[in-house]
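Colleague: Sequence:
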Amino acid sequence: MSLLDCRALAESVHHVQATLENLELHINIYSEYAEKVEYISIYPVTGHLPLRELTNLRRLKVPLVMLFGWFPEEAPSMAEVLPVSLTYPYLTEDLRMQCTYEWREELVLAKLGEYYKNIKEAAPALEVFEFKPNRYDDQRGE
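First residue of the sequence shown: 1, per the numbering used here; consecutive thereafter.
No lab work stands behind these hints, which were simulated from the structure alone.
Subject to a maximum C-alpha distance of 27 angstroms in a straight line, what follows is the list of computed DSSO-like cross-link-like pairs (lysine-lysine):
1. LYS132 x LYS111
2. LYS61 x LYS111
3. LYS61 x LYS117
4. LYS117 x LYS132
5. LYS132 x LYS120
6. LYS120 x LYS61
7. LYS61 x LYS132
Model the full structure from these sequences, guided by the hints.
Modeller: Written out as structure tokens, the structure reads:
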């Protein structure tokens, strides 16, 4: 079962690509107050969100599964999906607690490392890069 088609979302954003400078996206499946859900095969995100053509985009806050897709083995590189115009990308892990989430820390760090190797070409105007891992303890306030 899939809940978000990133290609369709990208097509929607495409209509404002000439003027879009700031974009913030979030995804949430369950309320933090919901009762525990038994394991079910939900793959909330289909595809990935190609934003490379948004040449005026400066600030972006987005869950990494929207950029890379649900399955790490099918993920594009950050340079393939992020526009070179970014000055402030901010990646989150909104769905980390989903039982089928496969983006483990080492996979995320590998993607970030690959991007930083060529940062001068990939994001020449970069000022700040933020990544906020969403850990279980963070959600409980510990």
